[in-house]
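**Student:** Keeping the supplied structure of chain A fixed, place chain B upon it in accordance with the hints.
There are 2 protein chains.
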Amino acid sequence: MRTLVTLCLAAFAISVQAEDVFKNQRERWLKIAEDSKPALVKTVHQPQRTVKAVQDDKAYQGWRYETDQEMTPQKLKETNFKQIREVTLDLGDHLTGYLQLNLLPIDSDMDAPTRLRIMLGEVPAEMNTPLDPWAENRLARSWMQDEVITFTLANVPYTVPRRLSGRYLNIQFLGGSTTFNFGIDVSFTSETSARKLESDGLAEGCPQMIRDIDRIGKATLRECMQTVYEDGPKRDRRLWIGDMYLESLANRYSFQNHLLTKRCLYLFAGLARENGILYANCFEYPKPHPQRLNYMISYNLLYIMTLLEYYRDTKDDETAQDLWPVIRVQLEDALAHVDNFIFNPDKQPQSWNFFDHRAGINTDACLQALIIDALKASHELGMALGKTSEVKGYPALAKRMTEAARKQLLDKKTGLIVSGRDRQVSVISQAWMIRAGVLNQKEGQKALTTVLTMPESVKPSSPYATHYLIEAMLLCGMEQEARTYLTDYWGGMVSRGADTFFEAYDPENDHLSPYGFIPLNSYCHAWSCTPIYFIHKYPEIFQTSH
Amino acid sequence: MRTLVTLCLAAFAISVQAEDVFKNQRERWLKIAEDSKPALVKTVHQPQRTVKAVQDDKAYQGWRYETDQEMTPQKLKETNFKQIREVTLDLGDHLTGYLQLNLLPIDSDMDAPTRLRIMLGEVPAEMNTPLDPWAENRLARSWMQDEVITFTLANVPYTVPRRLSGRYLNIQFLGGSTTFNFGIDVSFTSETSARKLESDGLAEGCPQMIRDIDRIGKATLRECMQTVYEDGPKRDRRLWIGDMYLESLANRYSFQNHLLTKRCLYLFAGLARENGILYANCFEYPKPHPQRLNYMISYNLLYIMTLLEYYRDTKDDETAQDLWPVIRVQLEDALAHVDNFIFNPDKQPQSWNFFDHRAGINTDACLQALIIDALKASHELGMALGKTSEVKGYPALAKRMTEAARKQLLDKKTGLIVSGRDRQVSVISQAWMIRAGVLNQKEGQKALTTVLTMPESVKPSSPYATHYLIEAMLLCGMEQEARTYLTDYWGGMVSRGADTFFEAYDPENDHLSPYGFIPLNSYCHAWSCTPIYFIHKYPEIFQTSH
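Residue numbers (our numbering), protein chains in the order written: chain A, 37 to 582; chain B, 37 to 582.
Just chain A, same shape as in the assembly (with noise of 0.2 angstroms):
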C-alpha cells in the first residue's frame, strides 16, 4: 500500500517543502481578481411602513411586528421627533448596503447637534432582545448593528459610513437641541452584484411552497453576492471557501455571474501561504489579506470542487489551466494527513475541518470522504486540463482510501459508517460518504433512513450541513425524501417569516446559535441559498406538484 501512495505523491511536481510555490504568480493572481471585480448595482429603497413590537410565544423566536397604524414613514418627516422618541421601520426586505438619514427642520432652526442611536436587524427577536451587558466570551459586541451618530447639520442626508444589513430599523432620540423640532427622512440603497433576474424559471405548475423556497434563496444569494461572495452580509461578512462553493453552484441556477467566482478563486489562489496552502477565508479591505488564523483542509478540498464546477459551467480553460497548480497543493497537502489509507486528525498540522456547528461532532469520516471524492474531481478536472500523467494515480488511490474507509469505517452489522475513536454516528458522515461513492446507492438508502431515525444519531444543526444531506439523498434515488425534507427544513424557515435563510436553523429549536447569543446569528446566510441549486437541477423532482 505504501508503495502506491509513494508513487501518486511522487507525481506531484509540486512539493509542499517549497519555500514559495506561487512566488511568481500571486502577484498576476491578485491583478485578475482586482481585474474581475463586479460592479455594484445600487437601488434606493424608501421604509415600507412603521412597525410595533409584539411578544408572542408562536412567533419566531419570541418576537414578531405588526403594523403600526398611528405613524407612516411619510409622517416621520413631518412629526417632531423628539415627540416621538422611538420608532421602527420596516425597509420592506432583506437589504444590504448604506442607511441615508436627514433631519428635517419644523419650523426651527438646528443650533446644536443632535444625536440618535439607530440599529437594523435581520429579525424581530434581533432587535428586541436586550443586547447589554455583553458576555466577554461571545462573538464582538460590534457585530450588532447599533450605531450612535451624531448630526451637526440638518437638511444634509447623512449616510451612516458603516454598509448595514437587514430589514428592520429601530431609531431612538438620545439628544439635542430643546429648540429644535425636526422630522426624519429615512432611506436606503441598496448594493448587490446580482443582477435583476427576468423570471423565476420555475415550472407553471411548481407548488408554492417550493416557489417561496426558491424566491427567497434567490434574496438570500442576492444579499450575499457583493464583491466577493460573502458568508452574509451582516456576520462575518467575507470570503470563506465552503460558502463559495455552495454559492457558485445556486449561482448557476439563478445570477449566473461567473466572473465573481472567477475572482474569489483568484483571491484565494494569490492569498495562499507561501507553500500555496490556502486559508480558509479572506478580506477585500483595505487590500486583499487572508485571515491567518483558519486552516481547513475540508474547505482547501472545496476549493477543487468550486474549481472543477466552474470549468463545467464557463469551459474557461485558461483559468483552470492557470489555477491547476493550486489543486494539487491541496490535495498533496490533504493527502499528508492520511496513514495507511485513512485520515488521520492527529497529523501535524492540524487543520478545523468544518462541516457542521453542532456542538460535539466528530467529522474524521467526512474529511476521509472529502479526500476520495477531491481525488475524483481533480482526476475529471486533470484529464480534462490534459493532464493525464499527473492525475494518472488518483483513480487508484480513491480506490484504496474507499475500500480503507469501508474496511474501518463501515459498520456492517448496521450498516453505517462511524467517526473518531468514539464510532460517532452523524447524519452527515452518511451523506459524506455517499457523495464520495463510499457507499453505493442501496446502502446510502438505508444508512440514510437507519441514522435519521435514530434518537441517537447526531443530526445536521445547519442549512450547509442539510445542503449535504439533500444532495445525497437525491444521489441514492430518495427523490422523494429529498423533496420533503427540503421542502419540510427551508419551508420551516419561511413560514417562520424568513426574508432570507439563516446561517443556523433547527425546526426543534428556534432559538439555535453558534454563539450562544440569537442576535449574533446571521439570518441572511449564504450557505442556506442552495435550495435554489435542486429546485433548478432537479426540476422533475421539486417543481412538480406529486
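It is worth saying that the hints were derived from the structure and are not from the lab. Careful, some of the hints might be misleading.
Copies of the same chain look alike in the list, so a pair counts if it fits in one copy or across any two.
Distance condition first, Cα-Cα at most 30 angstroms in a straight line; then the derived DSSO-like pairs of lysine-lysine [as the list claims (entries may be wrong)]: (1) LYS323 - LYS78; (2) LYS573 - LYS383; (3) LYS59 - LYS73.
**Tutor:** Structure of chain B alone, referenced to chain A:
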C-alpha cells in the same frame, strides 16, 4: 423732544415697514460673503503624552491631569488596546479640527468590527464629570464630544466625521473580536483661518504674565477663526454679532485677517429679515441661514461698531457704502424702542438684549448707552461716507438721549447709573455709560471705583462683560486699575491652566456655568480673547513693568 425724534426718523429713507428692504441685495451680499471665505490652514498633530486624571481640590474645578509614566503615544501603537481598555491622550494644545484613528493589527487579522468610545474635551473636569443621566432642561447632551465609533477596517485611518475641539482625548474599548489584537495610532488635523504669527509683537520688557495672557488670547482667537468668527469651536460653533465685534478688534492687533470680518459682515447682511433687521447669529451650513429665534438689538447695534472698526482698519469704502443701509435699519429699529429719549424695554417687538450671563441682570441702562454710542458711531461712519444729510440729526439725538439718561438713570447722590424699575446697580451699566460718554472721565472713575467695591452691586460674570469694564477703565483714565484688573482676571485663568480663555469665568467660583453644568461651558470662547486688543493698543500701559 418728540419733534426732534420725528425729524431724525424722517431722515431715514428706508422704513422698517417696507416689504423687503434688501430684496435686490440679498443674493449679491451672500455671494460676496462666499467669495470672501478664507482658506483653512491645516496642520497634523501627534499626541504629546498620555495622562492620568487626579482629583485635587486645589486644581481648577477639582481635576488635573498628570503624565502617565507607563504609557506613551508610541507604546499605544504597539500595545494590545484590549488589554489597556482605556487611555487619555494629551494633544499638547487646544486644537480644532478632525481626529484620525488607525487600528494597527498586532499578529492577527481583524475579523469583526471594533468599537471604541472617544471623547475630546477642553479641560480636565469636563473629561471627568459623569455626563449621564442628563437633565432634560440643559443644553443638548450632544454638545458633549463623546462619540461611539465602529471600525470595520484595520490599517485604514478613520476620520471622525464630526469636527471636534479640545486638548484631551479619552479612548475606551467597547467591543471587538476576541482574536484581533491591535494598537492605536492617533493624529489630529487642526484647522484655522488664522495665519502663523512670526512675532508676538510685544515689547522686550513686557511682564511674563502679560506675555502669557497675550499668547493664550491669540490661541483663543486662532481656534475661533474658522470660515467665520465662531463664538466657540466646541460650542456653539457659530457666528454671533457680539463675538464678531470683539474678535474683529483682537484680529486687528494679531492675525489681521480683515477679509474674514468682511465675510461675516456680508453674511449677516445677506441673511437679514425682509424688513432689514439683522438676526443675532447665523450658521454657514448646509447653506448660510440665520437662527430665526434670536432678535437682539444690543448685538444689532454692535454690527454698526464692527463695520465702523472694519472701515477704520481697511478704508474699504466700497464695502462700507454697500452695507450702509444695514446700519441705518438697525439704528432705526433701536430708536423705535425709545420713548422720550429713553430706551423702553416693553416696546414691541421685544428683544433679548444680552450684555452678560449674570442671572437677574438688568440691561436697560446698557442699551440706552449703546444706542447713544451707535448714533455716534453711525455719525462718524456716515460722515466718512459722505452721507452728511442722512446723519446730520444723530449728534443732537445722542445729546438728548444722554441728557435723558443723566436725568433719569444717574443717581445724583451716589453718582451711579441705575437700571430698570428696581434701579439695579451693576458694574456694566457704569461701563457702558462711560463708553457712551454719558459719564465723563471723573464721574466714570468715581462710579467704577464705587460700584466695584460695593458688595451689593451686580458684578460681571463673563469675560465678555469684563471686556467693556476694562475698556471703560481705560476711557476714564484708570490705567493702573485696568492693567491690574486685566492681569488679575485673565491671569487667573492662566494660573488655572487655561490653554485658551473661557466663555464664563468668575475668580470667586470655578464652578460657574451659565448652563448649570460645567462640562457644557465653552473653554475656548471668542469673546475672551480681547486682552490682545488692550495689550497691543495700549503698549505703554500693559507691556511695561511698573
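**Student:** Now tell me if each hint is right for this structure.
**Tutor:** Going down the list of hints, with the structure as the test:
Taking the shortest alpha-carbon separations for LYS323 and LYS78, both the intra-copy value of 23 angstroms and the inter-copy value of 28 angstroms come in at or below 30 angstroms. In this assembly of identical chains, the alpha carbons of LYS573 and LYS383 never lie at most 30 angstroms apart, being 38 angstroms within a copy and 85 angstroms across copies at closest. Taking the shortest Cα distances, LYS59 and LYS73 sit within 30 angstroms of each other inside one copy (23 angstroms), while across copies they are farther apart (54 angstroms).
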